Amino acid sequence: MTTHRAGGLDHSMTAEAPQPRAGDPAITPALVSEHGLSEDEYALIRAALGRDPTYTELGVFSALWSEHCGYKNSKPLLRQLPTQAPWVLQGPGENAGVIDIGDGFAIAFKIESHNHPSAVEPYEGAATGVGGILRDVFTMGARPIATLDSLRFGSLSRPRVRYLFGGVVKGIGDYGNAVGIPNIGGEVYFDDAYEGNPLVNAMAIGLMRREELIRAEASGVGNPIMAVGARTGRDGIHGATFASEELTEESEARRPQVQVGDPFTEKLLLEASLELIRSGHIVGIQDMGAAGLASSSSEMAARAGTGVDIDTSLMPVREPNMTPYEILLSESQERMLVVAKAGHENEVKRILEKWELEAAVIGHVTDDGMYRVRENGVVVCEIPGEPLVNECPTYVREAREADEVIRLREWMPAGLDTSHTTAHPGRVLLRLLGSPNIASKRWVYNQYDTTVRTNTVVPPGGGAGVLRIRGTRRGIAATVDCNGRYVYLNPRRGAMIAVAEAARNIVCTGARPRAITNNLNFGNPLKPEVYHQLREAVLGMGEACAAFETPVTGGNVSLYNENPGGAIYPTPVVGMIGVLEDIEHHLTSPFRQAGDAIVLLGRNTDELGGSEYLKVVHGLVAGDAPAVDLEAERRLQELVLSLNAAGRLHSAHDCAEGGLAVCLAECAMTGESMLGIDVELTDELDTAALLFGEAQGRIVVSCAAEQVEAVIAAAAGLNVPATLLGTVGAEEGAFRIRTRSAAIDLPVASLREVHASAIPRLMERAAAE
Amino acid sequence: MRAAIITFPGSNCDYDCYKAVTDVLGEDAYFVWHREESVGDCDLVILPGGFSYGDYLRAGAIARFSPIMQDVQRFAVEGGYVLGVCNGFQVLCEAGMLPGALIRNRSLQFQGERVWIRVENTDTPFTSHYRAGQLLHLHIAHGQGNYVADPETIERLEAERRVIFRYVDEHGDATDAGNANGSMNNIAGIIDERGNVLGLMPHPERSVEALLGSTDGLPIFTSLAKRLALAEGPA
Chain P
1 MTTHRAGGLD HSMTAEAPQP RAGDPAITPA LVSEHGLSED EYALIRAALG RDPTYTELGV
61 FSALWSEHCG YKNSKPLLRQ LPTQAPWVLQ GPGENAGVID IGDGFAIAFK IESHNHPSAV
121 EPYEGAATGV GGILRDVFTM GARPIATLDS LRFGSLSRPR VRYLFGGVVK GIGDYGNAVG
181 IPNIGGEVYF DDAYEGNPLV NAMAIGLMRR EELIRAEASG VGNPIMAVGA RTGRDGIHGA
241 TFASEELTEE SEARRPQVQV GDPFTEKLLL EASLELIRSG HIVGIQDMGA AGLASSSSEM
301 AARAGTGVDI DTSLMPVREP NMTPYEILLS ESQERMLVVA KAGHENEVKR ILEKWELEAA
361 VIGHVTDDGM YRVRENGVVV CEIPGEPLVN ECPTYVREAR EADEVIRLRE WMPAGLDTSH
421 TTAHPGRVLL RLLGSPNIAS KRWVYNQYDT TVRTNTVVPP GGGAGVLRIR GTRRGIAATV
481 DCNGRYVYLN PRRGAMIAVA EAARNIVCTG ARPRAITNNL NFGNPLKPEV YHQLREAVLG
541 MGEACAAFET PVTGGNVSLY NENPGGAIYP TPVVGMIGVL EDIEHHLTSP FRQAGDAIVL
601 LGRNTDELGG SEYLKVVHGL VAGDAPAVDL EAERRLQELV LSLNAAGRLH SAHDCAEGGL
661 AVCLAECAMT GESMLGIDVE LTDELDTAAL LFGEAQGRIV VSCAAEQVEA VIAAAAGLNV
721 PATLLGTVGA EEGAFRIRTR SAAIDLPVAS LREVHASAIP RLMERAAAE
Chain F
770 MRAAIITFPG SNCDYDCYKA VTDVLGEDAY FVWHREESVG DCDLVILPGG FSYGDYLRAG
830 AIARFSPIMQ DVQRFAVEGG YVLGVCNGFQ VLCEAGMLPG ALIRNRSLQF QGERVWIRVE
890 NTDTPFTSHY RAGQLLHLHI AHGQGNYVAD PETIERLEAE RRVIFRYVDE HGDATDAGNA
950 NGSMNNIAGI IDERGNVLGL MPHPERSVEA LLGSTDGLPI FTSLAKRLAL AEGPA
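Residue numbers (our numbering), protein chains in the order written: chain P, 1 to 769; chain F, 770 to 1004.
Keep in mind that the hints were calculated from the coordinates and are not lab data. Here the structure is a predicted model, which is why all the values come from computation and not from measurement. Heads up, a few of these hints could be off.
As the list claims (entries may be wrong) - Which stretches of chain P does chain F cover? Using the computed rule of at least three CB atoms under 8 Å from a CB of chain F, they are:
1) 172–181
2) 447–461
Unchecked claim - One-sided and incomplete, this derived list gives chain P residues near chain F with beta-carbon spacing under 7 Å:
3) VAL260
4) PHE264
5) LYS267
For each residue, glycine too, the CB sits at the ideal point set by N, CA and C.
Here chain F stands alone, though its shape is the one from the complex (with noise of 0.2 Å):
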């Protein structure tokens, strides 16, 4: 595996990915600078957290405006697979790869802190590797991570299992308690209609080795590693 890890003005989690490939993967690794244009070659494109241009508009309005987005468009078109973690999440849905928005939090608060997440689809590239209705205890980092859509999309998006990661509570059952941040559905993560592109609030990058306090976000990695080493066939 190869990835591409797209570094705006603002990305902060931009080396915590790439060192979730590379150190504990043991995979292939390189950033690319916005004003690139050409996520060059790769086979997984990562689009990182952190605040690109300040957020000061809207999370993620202007980071889709940098050059790299338009290859990274042709990237997703042509089968490649994006994943956007936080701020990459909310870059996807104003670039249009993905649908909806992510607006304030219902605390109105930025939230650091660690949340129980419901894996609702293992038939991805990215999630293989998770058991179905599987917990994970992973962190989340933003303010701005209350997905909203309008109800067309929310009855597409759950009715073609696109709803990827859901917020639950210690039970895993998705009530209100167990709702992070107020996202409608509770949702926290969705795939793309053609199933390449995922947007995910909570950070897999964070949760990679037991050493920090829990290694689920992992299978995230080792699912696409797996899937682009059986594309790319025997060695």
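If we strip away everything but chain P, and leave its shape as in the complex, we get (with noise of 0.2 Å):
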């Protein structure tokens, strides 16, 4: 390394310019190397600071551009999503999204990963995902009233893979039923792609009255710094980097780099906080995450345009002899940065010390703009903040998409034998509902609190969850959705499938969509094939969002999604929040009532491309992923409410994995009791495509009879195609559908049977080996 200074690009610098510390490791290109950094970014570093990093100033870059700070490969193409309406209070690059639900109230939500983390210590990577996910809503001033969580994993069947199932689900459970957070809803699906590195993505969902909404800014020069809760230690330091490279073998000595939660301490730092965002003794707050004080104290003051001084020898430290590197970039869980009002610091404290927490002045506001940290008043870090936290650069990389996917979607149903299904459907739902991806998830969901806070109008096990909001006739809904293999398969289309699929799911509710979070989970970007999959997803994603009026506010994005083995499937993880006027017309998925009429919305077509049934009856994996027409999804979705508005339905479900088949089976076993159905399809099309294929815009609803006749008006009015299928039969009856060439006739009792005992059974195995 040269130390000449470059030209012409040299900030102005204080008489203070740090000096080396003593004991830092010297600046090789090896070190800058394994901080992540390239030789064109470390050469921006010291074009900012005109002259070479300290050993400290190296740390912190590599943690703000990082990709999971800097978004350095995505922001290029985030940069295209819809991010506006008329609801949306805060968009995309605070801690949440928050929209106005009506009445004075206001929803914070997002969703965020904890991947790698959970890929080499499940139960604290996926607890302290959703520690952090619930701290990113409080700070905006919301009270946590929900998580939905969507989880990947590979084969049940390998002992490995059952671990991380149990141990993620445990961590979850663990942290958010101690908090007292319910988990409403969510998705599991597990695939060979997924192998070795499971994805944890975990939403949360906050409830504040519009005016409490604060944001995280440093604002007020000479404005106390405070940092508030657990003490910092040496866990989790260089998280945020960890989450940004791939997993490797060597991936299990990171372990000393995930972070431990403790929801106890969570639960108090969320009352105090709550408390002092309403005591109006602050002026900003945030947590200490991902890349902890450095990223916190730097992007506040980067918010508000002010500059930061602050002392690490003044931090509450839970280990003796930290250097300023490991106190800026330590993961520590449960700790916020707060920005007090100056001479109110006793006040803060005192609130803190109700909820048994510390807090501890470390520093104050500036008018520079530097990012200026000390060690016991010594400057040992000094960066302009403009170039630290906005000017991380960004990559627009090179995509190709695979030849392996083209010719993939290139594979056509017609040369497929489908005689055997044909004879037998009815052995073919049975697979279909035993199958892990399509199995009830009772097993995850009996392991959370559903139902404390005493707000769960639905909770998990139909589409989407619905939450009242108390003080009002409003309710909220709230799903998270992606089916990666079809994003695989065709990436613009299956993220567009997968804003559908979340927007189905909230119609199927009674609410009317409002705004998504999103989680892109996707391989390593440097990879053309990879990147171009993250550039067609956000494209189609970025469509549909448009199409539907439900703008991003937000979310994560979690790149280096690889093994030994490859990229995982790209899975952009839509979770979308939904608003309904009256929670008292909520709707359901099961039947309600024997003798309902069940009419389809939508057509079914002869697809069966990217569809478990292939999967799992064919071991194939081929052709293209169903097509999607976003103009009749929205005119769908708007019969759904209308028709549930003029309290029309007794039931709405989508037509998801597994097919009609499997929506028609759902809405049957489902519900409190068991109902049989009696159904006669007359499509002239092949058996396996018209019961198991995954044609989109597809919703079943049952109404009572005398209703038939308005609904498919309604339909028609809407340009939206409807059929009467059939009638809900008796409880505890048969399950009957008859097509022009096969017939299924299997007591209802015997599909719940499959479909709930199939994961508890490979669990159970696990646990007797």
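Both chains come to you apart, so use the hints to assemble them.
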């Protein structure tokens, strides 16, 4: 490394330009590379500083310029997403997005991944994922009222996968249950593509009065900066950088970088933070999450256009002899950075003491725009804030679709031998209901508290979860959705489907879709085929969000989800919020009454590409993802909402994995009482596609017989195909579907038995081994 | 009725109990922080669910040392009504105000689900609005709800009809399959000797509104309100 100054790019330096600290390693190319920074990026850092960085400064840049904090490979793409709507109060860039839900209330919500920590330490990795996303929501001033989770694992036939699955679910449960936040929904898929690199995405939702919204800004020169909550230790150092690289055989050695969570402290911190925000003693608050103190303090200053001056020796620590580097980059959990009003420090401390927590002044807000850190008064880090936070280099990478995927998409169902399916459609249905991707996830959500806070109107197990908003007639619905297999086969379409499916799940509760948060889980963006997936998926997501008027209010990007076997399926998870005007008129998915009519809204097709049927019955991942017509989806959504508003429906359920037969089975068997059905399908389609194809844009509703005419007329008015399929049968009755060439006739109890027992059986077998 | 709801660090059902008493029942309630030394002017003390002190030692094992617990004991000795739900039941057992203990569920997992409960004794101030043998569909949400006690205690509880709620199957039978967490004799809730301290693992406060799926928990609160109104006499 040379040390000459880059001419002309020299930002103004104080006389106190930091000197190397005794004991810090020398900056070498190898050290720069270990910090995940390229040579070019290092040159930019030197230009920004006008000199070589100190070791502390290198660490800070490495964290802020990681993918996790700096979005360096995704920012140019993310800019293309729609983020505005009249009801959006806070879009991307804050701790969480915020939307207005009416009657003076607002909802803060966000999703975030904890994939890599969960891959090496599933219990703590998942638990701290929940903790972090809860903090993102309550630092906006909102009280968390629900969580959801979107999970991906390899095949449950492998002991390691069962260990990861069990640990992740227990970690999510133990943390959320103890803090007392109900889980109201989620999704879990199992596929070899996630072997070794599970996905753990947690979403949190918070409620506040509109005027309680607070932003994470360090404004007001001279205001004290305070560290609040748990003490800082050496755990999680460089977690943000770890999250921004591929998992390898050596990742196990990263175990010490996984943080350890304490939900008890979180609950106290939650109460203390909300009390602080309401008290008027503070101007800004932010979670010390990814990249800890370094990112929270520098981001808060950058948002306010100020600088900060902090001293790491004032930070409450739980281990002696921690260096500024360690204190800045620690990701110890349950900590907040608070900017108080000058002179209100003691009031802040008193509130924290009530909740048995600590608060310490560690610095103050300045007006020079510098990110300055001291150790016992000596400056060890002095970086112009603007380049650090806002000038992380961004890249548009080379994109090229993998030939293999192009070939897979050309596959057509014409050559497939489906005679076995036509002969034994009932057996195929049972196989699908027993596939872990379709089987009941009760084993998961029974480990979660789903009803604490007494607002849960629709708990997990159907489509979207529903909560009432106390003191109003309103409710909200929330869901997380993504079928990674579709996105793999056709990234643009697959991402559109993720948004469309989420919207269908929302309208099936009677709620109007309002906004989304997204979690973009992809592989290494330096691989052209991965970057292609990322780009196309973001474009598809943006198109669908624009068509449905559901802007993106924030989210998370998780790249480098790879393992020695290759990249995961591209998995852009959509977390969507909808609003119900009248909670008393919410809808659920199970059939409710014998004699009711069953009506299909939407059209069956001959598509089989990307289906669970192809995978489970024929061992194939092939074909194109199902076609999606955003305009037709929008009309379908409007139809269901208007039918429900008119009080015409008894149930509504989205048709998704496993197709129409699985959808009907779910409607029949998941209610308090199992009801049979008698259905006749007259479409001239191959039996396999008709029963198990995954054509989009379909919702199965039930209604009283005398409503059928009105339902079909309303559908015609909105140009949505509607077909009377048959009737709901007796309790514990027969599940009967006839097509032109095949018939299913099974006791509904046998469907439920297979659906309910598949995952417990796999996990119990594991326990017995 | 005026209910004091004790909030320990880590309580998380305190607000739910408050809302059940105030919004749904239309009675009075207030919170008492665990560091306070008096339960105040109330005629019912509720120890709510949650994870007091993180449950890091044993559920409820530290909460019993909270300053407020001395006054809760005094209140009970003087005949005041005490209702412990979930973690509150665990605290009552740890504090010796109810016999026995609650250990890890037989499943070794946290269980959050709705289960069937049978009302075993309607002759108490907490259950007079139930029918004898009535089946309730109530939420449980606990990892340590498996009730255990020595054989003499169990025998005595049964003989004195102090088992108030029992886990049953959907037919109302106290079978092993209907035993949600492995509790001895399918015990879900018990009362103390004098009949004024009740502890149960299921959450009655989560089942007081039809919108949330069940009102099976409401009679516990209305029974108490009625009893207290009678005790006060006409205003």
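| Of the hints stated earlier, which fail here? | 3
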